[in-house]
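*Asks:* The chain contents come next:
There are 2 protein chains.
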Amino acid sequence: MTQNAAIGIFDSGVGGLTVFREVVRILPHEDIVYFGDVGRYPYGGRSKEIITKFARQDIALLQEHDVKFIICACNTASAVALDDIAGDYDIDMIGVINPGAQAAVERTRNGRIGVIGTHATIGSNAYARVIHDIDPALKVFSLACPLFVPLAEEGYIDKEATYLITRDYLQTMHDVEIDTLVLGCTHYPLLKHVIAEVMGEKVTLIDSGEETARVAHKLLSDAHLLSASTSKAQHTFFVSDVPEKFSSIATRFLGRHIEKITRVDISGY
Amino acid sequence: MTQNAAIGIFDSGVGGLTVFREVVRILPHEDIVYFGDVGRYPYGGRSKEIITKFARQDIALLQEHDVKFIICACNTASAVALDDIAGDYDIDMIGVINPGAQAAVERTRNGRIGVIGTHATIGSNAYARVIHDIDPALKVFSLACPLFVPLAEEGYIDKEATYLITRDYLQTMHDVEIDTLVLGCTHYPLLKHVIAEVMGEKVTLIDSGEETARVAHKLLSDAHLLSASTSKAQHTFFVSDVPEKFSSIATRFLGRHIEKITRVDISGY
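Same order as they appear, the protein sequences are chains X and W.
Count along the first sequence from 1, then add 1; that gives the number in our numbering.
Count along the second sequence from 1, then add 1; that gives the number in our numbering.
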């Protein structure tokens with residue numbers, strides 16, 4: 002494994018691009034191979050056995066590209082599969098749950114943390130479990146906000162309806178007086194300013210993707226695996242079905258067009 | 002093929018239950034086998050080749066249960082695959098597009114028809130094509146309303162935000178003065194009263210599922226294949242992944258709980 006190898010990122014689809022974006026910002030000289038499993042999206046709602054199989058295939062695909070480090074950008078796979086399988090590989094890998102949970106624990110002042118995510122992530126209780134492993138005295142309030150994903154994907158953001166839905170969902174979080182809110186779904190950073198406005202400035206928002214990029218930086222640095230390159234980094238994209246939908250949503254998520262997206266048949270991995 | 006065999010219905014997921022509901026209403030004595038391909042939902046956004054393969058597998062599964070007639074309740078598969086493959090089978094099958102389009106042509110008075118659906122259905126232009134095959138002089142206005150599916154699935158219906166989104170989407174349909182609007186997605190009947198209120202009483206709404214059930218009744222009657230049974234009909238449900246999400250949305254779609262849902266591995270068909 003060489004320090005100039007790429008970082009691999011996989012996700013069930015397009016949501017992981019918000020993690021990709023943070024990795025690019027924090028580690029601008031790192032090559033990145035991104036795999037979006039759009040052909041089998043979403044992972045949430047599937048059985049643990051199936052999600053674990055999918056994660057292993059996604060990792061196998063990334064390993065073909067000689068990556069030095071793997072980020073599981075999918076909250077569902079991070080919650081359900083990653084801890085069980087990470088030990089089977091001789092490459093370091095992290096998910097998005099632990100970094101988000103850790104950051105929330107560090108930043109809360111009143112010990113009351115909110116977590117929002119999809120039905121699958123909230124149902125797994127993964128964030129609350131990790132937070133309580135660190136400090137059992139903290140109070141964690143978890144809430145599924147399933148309409149946030151389609152609103153983000155459709156770019157339906159600065160609309161009155163989106164503010165109404167956000168207020169509707171987050172009223173409980175106000176009522177229970179959290180001071181820290183974990184955005185436990187990779188799509189939610191696109192609604193960050195709406196969520197911030199609804200929650201008010203006293204509530205700290207934790208972007209799991211940003212925290213994950215920070216942890217990746219630290220782990221690569223500790224392992225002396227940061228890239229020595231100062232040239233423009235290469236970003237390579239693979240998807241598991243026709244790339245059109247991925248491409249159009251990616252433009253919205255990244256604020257720029259992705260030139261080349263290669264389709265692969267993931268079932269063979 | 003016997004007249005007391007069941008009707009088979011397949012869909013990419015839970016949306017086809019609105020078609021199922023109409024078939025039950027119009028053909029209460031017919032046994033029904035429903036397959037929801039939740040493990041590979043949604044079909045929209047996938048390639049024609051993949052959707053055709055999926056439709057053939059879904060049909061093969063239904064045929065194992067000796068069905069006498071097949072309804073493809075999925076707009077995407079109806080639009081992209083059904084016409085190409087129906088001739089390969091010795092069993093009659095219909096999709097949801099032709100009945101919806103036919104009903105719109107019969108009911109418009111001013112010759113201006115609106116069609117709403119998912120990105121995939123609208124992108125396929127299937128409704129407009131069928132309408133123009135019947136009468137090239139009709140004006141067809143097609144519009145994707147992608148947020149309607151998650152709003153319906155989440156039961157987020159009698160909310161101000163849903164009315165705002167509906168008004169936002171359908172303003173154009175007002176402007177172009179349609180008098181008939183096709184609900185070209187199986188989820189949309191759940192938002193029917195919102196759409197009706199926004200469009201006003203002068204606009205006739207066409208529920209493709211209801212029209213499909215009517216056509217199924219006529220075809221079965223013409224073929225002397227209507228069930229002779231007067232006992233309580235059997236409804237059997239199969240899904241291609243864990244049934245929990247299907248089950249909870251089904252309760253919302255049907256207004257009653259489904260007792261037994263069997264999981265099958267569709268990849269073997």
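These are calculated hints, taken from the structure and not from any lab test.
All values reported here derive from a predicted model rather than from experimental measurement.
Treat each hint with caution, since some may be false.
Copies of one chain are not kept apart here, so a pair can be met inside one copy or by any two copies together.
Simulated pairs of lysine-lysine, DSS-like, Cα-Cα distance not exceeding 27 Å [as the list claims (entries may be wrong)]: (1) K54 <-> K160; (2) K219 <-> K160; (3) K49 <-> K261; (4) K233 <-> K203; (5) K54 <-> K246; (6) K54 <-> K203; (7) K160 <-> K193; (8) K140 <-> K54; (9) K261 <-> K140; (10) K54 <-> K193; (11) K49 <-> K233.
*Asks:* At most 27 Å between alpha carbons: which applies to K49 and K233, within, between, both or neither?
*Replies:* neither (39 Å within a copy, 37 Å between copies)
*Asks:* Using 27 Å as the alpha-carbon threshold, which applies to K219 and K160: within, between, both, or neither?
*Replies:* neither (38 Å within a copy, 46 Å between copies)
*Asks:* At 27 Å max between alpha carbons, let me know whether K54 reaches K193 within a copy, between copies, both or neither.
*Replies:* Neither: 32 Å inside a chain and 40 Å across chains, both beyond 27 Å.
*Asks:* Regarding K54 and K203, is the shortest C-alpha distance of 27 Å or less found within a copy, between copies, in both, or in neither?
*Replies:* neither (42 Å within a copy, 53 Å between copies)
*Asks:* When no copy is specified for K140 and K54, does a C-alpha distance of 27 Å or less occur within a copy, between copies, both, or neither?
*Replies:* neither (33 Å within a copy, 49 Å between copies)
*Asks:* Which holds for K160 with K193 at a C-alpha limit of 27 Å: within a copy, between copies, both or neither?
*Replies:* This pair counts as both: shortest intra-copy Cα distance 14 Å, inter-copy 23 Å.
*Asks:* For K233 and K203, with the copy left unspecified, which applies at a CA distance of at most 27 Å: within, between, both, or neither?
*Replies:* Result: close neither inside a copy nor across copies, 39 Å intra and 60 Å inter.
*Asks:* I want to check one pair: K54 and K160. Are their C-alpha atoms no more than 27 Å apart within a copy, between two copies, both, or neither?
*Replies:* neither (39 Å within a copy, 39 Å between copies)
*Asks:* Treating 27 Å as the Cα threshold, decide for K54 and K246: within, between, both or neither.
*Replies:* For K54 and K246, both the intra-copy (24 Å) and inter-copy (20 Å) Cα distances are at most 27 Å.
*Asks:* Is it within a copy, between copies, both, or neither that the alpha carbon of K261 lies no farther than 27 Å from that of K140?
*Replies:* Answer is neither: 45 Å inside a copy and 38 Å across each miss the 27 Å cutoff.
*Asks:* Is it within a copy, between copies, both, or neither that the alpha carbon of K49 lies no farther than 27 Å from that of K261?
*Replies:* between (32 Å within a copy, 22 Å between copies)
Hint compliance for this structure: hints 1, 2, 4, 6, 8, 9, 10 and 11 are broken, all remaining hints hold.
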